[in-house]
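In the order they appear, the protein sequences are chains F and D. Under the UniProt record's numbering, think of the first position of the first sequence as 1, with each following residue one higher. Under the UniProt record's numbering, think of the first position of the second sequence as 1, with each following residue one higher.
Hints should not be assumed to be uniformly reliable.
To be verified - To be clear about the criterion: a stretch of chain F counts as covered by chain D if any three or more of its residues have a C-beta under 8 Å from a C-beta of chain D, and this derived list gives those stretches:
# : region
1 : 75–84
2 : 139–149
3 : 152–165
4 : 172–184
Unchecked claim - Now the in silico label distances, taken between C-beta atoms and shown as ranges:
#  : chain 1 : residue 1 : chain 2 : residue 2 : range
5  : D       : 179       : F       : 5         : 30 to 36 Å
6  : F       : 192       : D       : 306       : 45 to 51 Å
7  : F       : 196       : D       : 320       : 41 to 47 Å
8  : D       : 24        : F       : 83        : 55 to 61 Å
9  : F       : 203       : D       : 38        : 53 to 59 Å
10 : F       : 184       : D       : 296       : 29 to 35 Å
11 : D       : 161       : F       : 5         : 48 to 54 Å
12 : F       : 194       : D       : 190       : 57 to 63 Å
As the list claims (entries may be wrong) - If you only want the chain D side, here are some residues facing chain F, beta carbon under 10 Å, derived:
#  : residue
13 : 63
14 : 69
15 : 73
16 : 180
17 : 184
18 : 259
19 : 260
20 : 264
21 : 312
22 : 321
Simulated from the structure, these hints should not be mistaken for lab results. Note that the coordinates shown come from a computational prediction; the quantities given were computed from them, not determined experimentally. Even glycine gets a Cβ: it sits at the ideal position worked out from N, Cα and C.
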Amino acid sequence: MTTTVSATAALALGDDALVLSHRLGEWAGHAPVLEEEVALANIALDLLGQARVLLSTAGDEDELAYLREERAFRNLQLVEQPNGDFAHTIARQLYFSTYQHLLYAGLAATDGPFADLAAKAVKEVAYHRDHAEQWTLRLGDGTETGHERMQRACTALWRFTGEMFQPVDGLDVDLAGMETAWLESVRAVLHRATLTVPEGPRTGAWSAGAGRQGVHTESFGRMLAEMQHLHRSHPGASW
Amino acid sequence: MATAAAHQAYGTTEDTADTGAYERAFDAAVAADERIEPRDWMPDAYRATLVRQMAQHAHSEIIGMQPEANWITRAPSLRRKAILMAKVQDEAGHGLYLYSAAETLGTSRDELLDKLHSGRQKYSSIFNYPTLTWADVGAIGWLVDGAAITNQVPLCRCSYGPYARAMVRICKEESFHQRQGYELLLALGRGTPEQHAMAQDAVNRWWWPSLMMFGPPDDESAHSAQSMTWKIKRHSNDELRQRFVDICVPQAESLGLTLPDPDLRWNEERGHYDFGPIDWTEFKEVLKGNGPCNEQRLTQRRRAHEEGAWVRESAAAYAARHTSRTDGASKPGETGATRA
Ligand SMILES: [Fe+2]
Ligand SMILES: [Fe+2]
Numbered sequence: 001m002t003t004t005v006s007a008t009a010a011l012a013l014g015d016d017a018l019v020l021s022h023r024l025g026e027w028a029g030h031a032p033v034l035e036e037e038v039a040l041a042n043i044a045l046d047l048l049g050q051a052r053v054l055l056s057t058a059g060d061e062d063e064l065a066y067l068r069e070e071r072a073f074r075n076l077q078l079v080e081q082p083n084g085d086f087a088h089t090i091a092r093q094l095y096f097s098t099y100q101h102l103l104y105a106g107l108a109a110t111d112g113p114f115a116d117l118a119a120k121a122v123k124e125v126a127y128h129r130d131h132a133e134q135w136t137l138r139l140g141d142g143t144e145t146g147h148e149r150m151q152r153a154c155t156a157l158w159r160f161t162g163e164m165f166q167p168v169d170g171l172d173v174d175l176a177g178m179e180t181a182w183l184e185s186v187r188a189v190l191h192r193a194t195l196t197v198p199e200g201p202r203t204g205a206w207s208a209g210a211g212r213q214g215v216h217t218e219s220f221g222r223m224l225a226e227m228q229h230l231h232r233s234h235p236g237a238s239w
Numbered sequence: 001m002a003t004a005a006a007h008q009a010y011g012t013t014e015d016t017a018d019t020g021a022y023e024r025a026f027d028a029a030v031a032a033d034e035r036i037e038p039r040d041w042m043p044d045a046y047r048a049t050l051v052r053q054m055a056q057h058a059h060s061e062i063i064g065m066q067p068e069a070n071w072i073t074r075a076p077s078l079r080r081k082a083i084l085m086a087k088v089q090d091e092a093g094h095g096l097y098l099y100s101a102a103e104t105l106g107t108s109r110d111e112l113l114d115k116l117h118s119g120r121q122k123y124s125s126i127f128n129y130p131t132l133t134w135a136d137v138g139a140i141g142w143l144v145d146g147a148a149i150t151n152q153v154p155l156c157r158c159s160y161g162p163y164a165r166a167m168v169r170i171c172k173e174e175s176f177h178q179r180q181g182y183e184l185l186l187a188l189g190r191g192t193p194e195q196h197a198m199a200q201d202a203v204n205r206w207w208w209p210s211l212m213m214f215g216p217p218d219d220e221s222a223h224s225a226q227s228m229t230w231k232i233k234r235h236s237n238d239e240l241r242q243r244f245v246d247i248c249v250p251q252a253e254s255l256g257l258t259l260p261d262p263d264l265r266w267n268e269e270r271g272h273y274d275f276g277p278i279d280w281t282e283f284k285e286v287l288k289g290n291g292p293c294n295e296q297r298l299t300q301r302r303r304a305h306e307e308g309a310w311v312r313e314s315a316a317a318y319a320a321r322h323t324s325r326t327d328g329a330s331k332p333g334e335t336g337a338t339r340a
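Using the sequences provided together with the hints, build the complete structure.
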């Protein structure tokens, strides 16, 4: 059975990958250790590859990336959050890659329009998840400073995690089951890392939950300004 | 054959007669184009020269990430963005190979980074120039990676084994970078008038500094003669520079761009392109620290290192606590899987 790809779903997943890849790309030349220059770039490249496939199913990849206004982006607020310190980047990676891994594993098992992409991406994302988990352990269960910073990061980003399990048009997965699995997995990693599972709400009127509807956080506009500036300065040029 | 004698592991004896024998064997091995390996005896000066050269090379790879990373977040198409990210990642990988090669001579990466951060060791001066426009990314690929290849291909036959082997891997990737840079400039050269002007401006700014990458003229080059005898170096600075010019001139023509040198012309008699005088005062000033970006590059490097200290310390503390356990946690170095 072939279903037509839902543009809404392709944009949601494509924008997640595009935006997180961009944020990770900001680390180039600033990483805490040379191995992480390689690892973060590796993850950013995987995500960019996914983004290009997904956006191309919804239209022209460059038009979509460079010519949409902020309100037209459908990514989660989580992925647009600034890098912060390395702990914030790792917490963002942990939350997102756990979600993305469950999502792609789910999609790969369907015969829906994303099955092929998901089957390929799920292997990449398994590595991203492992990378994030290992670093969560090293920071959480390393030095006192590492522990404090990792705890602060996990708590700060917690309120952006509920949005991941809100329904998206054209995305045919068991969101409730995914959410249970996500919570179980993240709790177990935080526990092993001697970190406290944050207690605040993960969704709600006051918290995050609107990236999928095109409502973003303040830093996102600046990120797009930087990303789109050159392309927009030369209308119609090819590169 | 010199092989058996030359490749004796370095003994602990201080006996001068024995050292003399080792030295003769070493010289014979080098003369016979054999590879010197980490456990072989080697003169202290050879070891020091190699460590200095590999360190400077490794530092250049990691500092060289900065001018190009400057454009990752502004790359004008997703395809170009992917190419640029992969390139900057490759340079980090080159840094890793080279620090590892230097470690085979008993000098740790930390020690070398310390020397870089405190200004006791240098990196290639080319990276002290700024990347002002997107076209600079292309100019760096075409000219800077191009010059690096010209310099480094002979190093694949360097007498020191680990360095030579690292260079084989590195040169393969550098030639991708060179082609990608050329192709980027080609797209600009064939693009809008603004894109063409951007490309020409970048080439104008990067051409002369690229020629300086081959180092001072032969009659002023401090380390050249000894390095040639040791087969760490195979061609003189001027020879390599000429080779580079000869390669670039026809390529610039195909790009539809000019090189900023009124004296550049084919010399039938020499079979080479003649080119104008290089401004060695500029070279020396940049080398001394007075280039446009010396301060900025080193400051960013130091800051990344200092701000990352708590991360490295926490990883080390975790590793120390869990070494005896087999819970599957890998060391930080094991997370850097390379791109498929
Ligand atoms: Fe390199
Ligand atoms: Fe390169």
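A quick look at each hint next to the structure:
Coverage of a stretch by a chain is defined here by at least three residues with a beta carbon nearer than 8 Å to that chain's beta carbons; for the region 75–84 of chain F and chain D the count is 0, and the condition is violated. Counting residues of the region 139–149 of chain F whose C-beta sits closer than 8 Å to any C-beta of chain D gives 8, which meets the bar of three, so the coverage hint holds. With 0 residues bearing a CB less than 8 Å from a CB of chain D, the region 152–165 of chain F misses the requirement of three and the coverage assertion fails. With a cut-off of 8 Å between beta carbons, the region 172–184 of chain F has 0 residues touching chain D; three or more are needed, and the interface restraint is violated.
Checked against the hint of 30 to 36 Å, the C-beta distance between residue 179 (chain D) and residue 5 (chain F) comes to roughly 34 Å, which is consistent with it. With their beta carbons about 29 Å apart, residue 192 (chain F) and residue 306 (chain D) fall outside the hinted range of 45 to 51 Å. Judged by the Cβ atoms, the range 41 to 47 Å given for residue 196 (chain F) and residue 320 (chain D) is violated: they are separated by roughly 23 Å. In this structure the hint that residue 24 (chain D) and residue 83 (chain F) lie 55 to 61 Å apart at CB holds, the actual value being about 57 Å.
Restraint check, residue 203 (chain F) to residue 38 (chain D): a C-beta distance of roughly 58 Å satisfies the suggested window 53 to 59 Å. Checked against the given bound of 29 to 35 Å, the beta carbons of residue 184 (chain F) and residue 296 (chain D), roughly 47 Å apart, lie outside it. In this structure the hint that residue 161 (chain D) and residue 5 (chain F) lie 48 to 54 Å apart at CB holds, the actual value being about 53 Å. Residue 194 (chain F) and residue 190 (chain D) have their C-beta atoms about 58 Å apart, which keeps the hinted 57 to 63 Å range intact.
At a threshold of 10 Å, the smallest CB-CB gap from residue 63 (chain D) to chain F is about 9 Å, leaving the interface hint in force. At a threshold of 10 Å, the smallest CB-CB gap from residue 69 (chain D) to chain F is about 4 Å, leaving the interface hint in force. Taking 10 Å as the C-beta cut-off, the interface hint given for residue 73 (chain D) holds, the closest approach to chain F being about 5 Å. Look at residue 180 (chain D): its Cβ only gets to about 12 Å from chain F, farther than 10 Å, so that hint breaks.
Annotation: interface hint on residue 184 (chain D) holds; nearest CB of chain F at approximately 8 Å, less than 10 Å. Residue-level restraint check for residue 259 (chain D) is violated (minimum Cβ-Cβ distance to chain F is 23 Å; threshold 10 Å). The restraint placing residue 260 (chain D) at the interface with chain F is violated, with a minimum CB-CB distance near 24 Å, outside the 10 Å limit. For residue 264 (chain D), the interface hint is violated, since its Cβ never comes within 10 Å of a Cβ in chain F; the closest pair sits about 29 Å apart.
Here the hint on residue 312 (chain D) is kept, as its CB sits about 6 Å from the closest CB of chain F, short of 10 Å. At about 7 Å, the closest approach between the beta carbon of residue 321 (chain D) and any beta carbon in chain F falls short of 10 Å, and the interface hint on this residue holds.
The structure fails to meet hints 1, 3, 4, 6, 7, 10, 16, 18, 19, 20 from the earlier list, while all remaining hints are met.
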